[in-house]
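Peer 1: My request is simple: use the sequences and hints to build the entire structure.
Number of protein chains: 2
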Amino acid sequence: MFRKTRLFTPGPTPLLPAAQFAMASADIHHRTAEFRALYSKVLAQLKLFVGTQNDVIVLSSSGTGAMEAAVSNLTSPGDRVLVLSAGKFGERWVALAKAFGCQVDLVSAPYGQTFDPSQIRAALHADTRAVFVQATETSTAVRHCIQSIAETVRTSAPQALLVVDGITGLGTTHFDVDAWGIDVLIGGSQKAVMIPPGLAYLSVSERAWAAMETSKNPRYYFDLRKERKVAPKGESAYTPAVALIAGLGAALDYIAGQADGDLVEGRKLLIENAQTCAAMTRAGLTALGFTLFAPDAPAAAATAVAVPEGLDSGAVVKTLKARFGAVIANGQGEMQGKIFRIAHLGFFDYMDTIALLGALEFIARDPLRLPVQFGQAVAAAQQVFASRQAAPADPNTCLCGRDQCCRN
Amino acid sequence: MFRKTRLFTPGPTPLLPAAQFAMASADIHHRTAEFRALYSKVLAQLKLFVGTQNDVIVLSSSGTGAMEAAVSNLTSPGDRVLVLSAGKFGERWVALAKAFGCQVDLVSAPYGQTFDPSQIRAALHADTRAVFVQATETSTAVRHCIQSIAETVRTSAPQALLVVDGITGLGTTHFDVDAWGIDVLIGGSQKAVMIPPGLAYLSVSERAWAAMETSKNPRYYFDLRKERKVAPKGESAYTPAVALIAGLGAALDYIAGQADGDLVEGRKLLIENAQTCAAMTRAGLTALGFTLFAPDAPAAAATAVAVPEGLDSGAVVKTLKARFGAVIANGQGEMQGKIFRIAHLGFFDYMDTIALLGALEFIARDPLRLPVQFGQAVAAAQQVFASRQAAPADPNTCLCGRDQCCRN
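First to last, the sequence lines map onto chains P and C.
Residues 1 to 408 (my numbering) make up the first sequence, in order.
Residues 1001 to 1408 (my numbering) make up the second sequence, in order.
Simulated from the structure, these hints should not be mistaken for lab results.
Warning: the hint list may mix true and false statements.
Stated by the list, open to error - What follows is a list of derived Cβ distance ranges for each label pair: (1) C:1373 / P:261: 49 to 55 Å; (2) P:392 / C:1017: 31 to 37 Å; (3) P:118 / C:1017: 48 to 54 Å; (4) C:1371 / P:95: 57 to 63 Å; (5) P:332 / C:1373: 37 to 43 Å; (6) P:327 / C:1103: 55 to 61 Å.
To be verified - Computed far set for chain P versus chain C, every beta-carbon distance over 10 Å: (7) 4; (8) 9; (9) 64; (10) 99; (11) 105; (12) 120; (13) 158; (14) 197; (15) 220; (16) 337; (17) 354; (18) 355; (19) 370; (20) 382; (21) 386.
To be verified - The list that follows gives simulated cross-link-like pairs (lysine-lysine, DSS-like), each with its CA atoms no further than 27 Å apart: (22) C:1098 / C:1233; (23) P:4 / C:1229; (24) C:1321 / C:1041; (25) P:321 / C:1004; (26) C:1226 / C:1216; (27) C:1004 / C:1098; (28) C:1088 / C:1338; (29) P:47 / P:318; (30) C:1338 / P:268; (31) C:1321 / C:1088; (32) C:1226 / C:1047; (33) P:4 / P:229; (34) P:98 / P:88; (35) P:321 / C:1268; (36) P:41 / P:233; (37) C:1088 / P:4; (38) C:1233 / C:1041; (39) P:41 / C:1004; (40) P:268 / C:1321.
Glycine is no exception: its CB is placed at the ideal position from the N, C-alpha and C atoms.
Peer 2: Shown next, in the form of structure tokens:
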């Protein structure tokens, strides 16, 4: 039988057709009025999408490039920084900070969990230059409560810059960037904004711009001050990934179009969409007997589940691809073989979610021989969808998933 | 929540991405070596796809254009022809034959049913010039048994030309064109070959070519002899729809690619694919309590179901589109409001079928308030899929769905 290739990976995510068309027709030179108009529009849209009055800078790089930009622009060799790490991307902050000569304090949480606020408080010092954290740790599908972390940082080490990797958080969870005091918030193109990899974007606070003047780490391509200087003219410092910028503009238009052209409202719907797909998926997989890997703080960006003892999660990934063409993600590093991950960020809908659960429950029976019934995961997901239709969730509510929000 | 637009209509059908890319890059003049190479390749592929040694001619028109070509090229005013009609497209044969001055004998069957072989035998005469029939009547989702009809025609009126509208039959049911003696078999681009509307193609037997020499009906754009004359040079008589031809070539490559480059085997898999989607859908809708509109002779091209008394099938179509973005077809003509139709021909797979059933069973409960359970249709479809995996159907078997094949 035919098997369409369908990405259910937490980046790259399925491409938006309108963005594909925009990319295919982006036959534009980057030093022209045509490009300047496009780029100015996209930069303005990104401020609405990120939800900030701060400048938003676009880099032609992967998200890791923007993470490096945050480290290299904001720190000097020997600076004390705090990294909050609970997975592969937290570990990337450690590696980046060390690569740029920082002295790293570390608060870590086991894979699948989020941080203990008291440990964060204890690890903040008067000379902590910056705090680096993920909004959602993509490798474990855990959501960290950035609102709570920001409050702790502001209270315990007000001088510290707060740098948040929102690469899979943007478009899946709410941020009040300026009110919470997020100095840098980083996004990537191949995530909730539904275009291919190749662009990163980051909002930068006035405090962060000021801090760059005293930072002594070397940077050239990722020197954010150069981008800030030319951005108001609709230019980028170096040759930008023009087609991706055209695609990003089309994707942001699409998101705004979900709410009659209001991008701020459209972003809320995008977040709610991911949260609904995630809630449906959690219910479906739980009904099949899988164990949620991050039950206390599940991200809406992706869902991670542990496979039963004796089963290799890689076999689930491979069988699903071979049987039905759907691509989900294995665990990374030491979680490889133990968990698999399903994305919800970006261009997914009810029918995608049902289709994936209908494929997973099929392979759960054959060849995996798990004791499940046909229709079981689908029905559980439909029940969740029906409940959310009846009583929509507020996308701005903290979703810590605990009786008491982790801010308390 | 996001709603992706998904076509489940029996033409146009979902576009194959590889064909979309080929169409987008078809910047070719049609009187060049480049186009001649493309067109020669596509004409050769079509002979394999149709499964015939006869010439296959391509027209830049809808399928109705090729139906007109069959009538205008093969008949003269006053000719006696037999039309077998059991739906809107059968009625189109009547209208076309009358428009070209033919004297029409009619064997009809009620909507949702196929023909009584004895009535066909009785309606064939020594002066019947041609017989016109659908392989699958798209308006009712009924499959007529062309093998049986061909045998009847060959036996009872051997002089009669057999013209088959296979617009939704090609790629969903098996034809042995040359062995059965099908003089003209017509296909359309927006059907199982997964590209947009705008091309029709038809195989023409030597008997039919000879008959054209004595046919006196007027024709110019649709004069098949003109196309036959220039086709061996890779040319078309008039400006062809170049992008669609490029797309068709890519689609036929894709079908061949399903069977390691063997287009004949790929066509069998395409048929089997539609038959599997159809069988899953029939089981799913039956589980929801819908009544199959064509239980005795269901087509694999599409499934038609009757809605319960008091329910408007248009409401199902509209609600499905509004809630989930999926587009199915209402009944046509007097069947409007009474049935809805779901396509399986072309680029559909297991996950599409599950997704649609998962959407239909949701709206069946809310807002249609039918007494169904979540997961019920999906589970029934999964059961069918599992059975077919265990014991694949032979796509060359007659699928009359009767205890005794209609050929007997």
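Peer 1: Run every hint past the structure and note whether it holds.
Peer 2: Against the structure, the hints come out as follows:
no.	hint	in the structure
1	C:1373 / P:261: 49 to 55 Å	40 Å, violated
2	P:392 / C:1017: 31 to 37 Å	34 Å, holds
3	P:118 / C:1017: 48 to 54 Å	52 Å, holds
4	C:1371 / P:95: 57 to 63 Å	58 Å, holds
5	P:332 / C:1373: 37 to 43 Å	38 Å, holds
6	P:327 / C:1103: 55 to 61 Å	60 Å, holds
7	4	5 Å, violated
8	9	16 Å, holds
9	64	28 Å, holds
10	99	39 Å, holds
11	105	41 Å, holds
12	120	35 Å, holds
13	158	40 Å, holds
14	197	19 Å, holds
15	220	37 Å, holds
16	337	25 Å, holds
17	354	3 Å, violated
18	355	4 Å, violated
19	370	14 Å, holds
20	382	4 Å, violated
21	386	7 Å, violated
22	C:1098 / C:1233	35 Å, violated
23	P:4 / C:1229	40 Å, violated
24	C:1321 / C:1041	39 Å, violated
25	P:321 / C:1004	22 Å, holds
26	C:1226 / C:1216	16 Å, holds
27	C:1004 / C:1098	43 Å, violated
28	C:1088 / C:1338	15 Å, holds
29	P:47 / P:318	39 Å, violated
30	C:1338 / P:268	39 Å, violated
31	C:1321 / C:1088	24 Å, holds
32	C:1226 / C:1047	19 Å, holds
33	P:4 / P:229	45 Å, violated
34	P:98 / P:88	15 Å, holds
35	P:321 / C:1268	23 Å, holds
36	P:41 / P:233	11 Å, holds
37	C:1088 / P:4	33 Å, violated
38	C:1233 / C:1041	11 Å, holds
39	P:41 / C:1004	26 Å, holds
40	P:268 / C:1321	23 Å, holds
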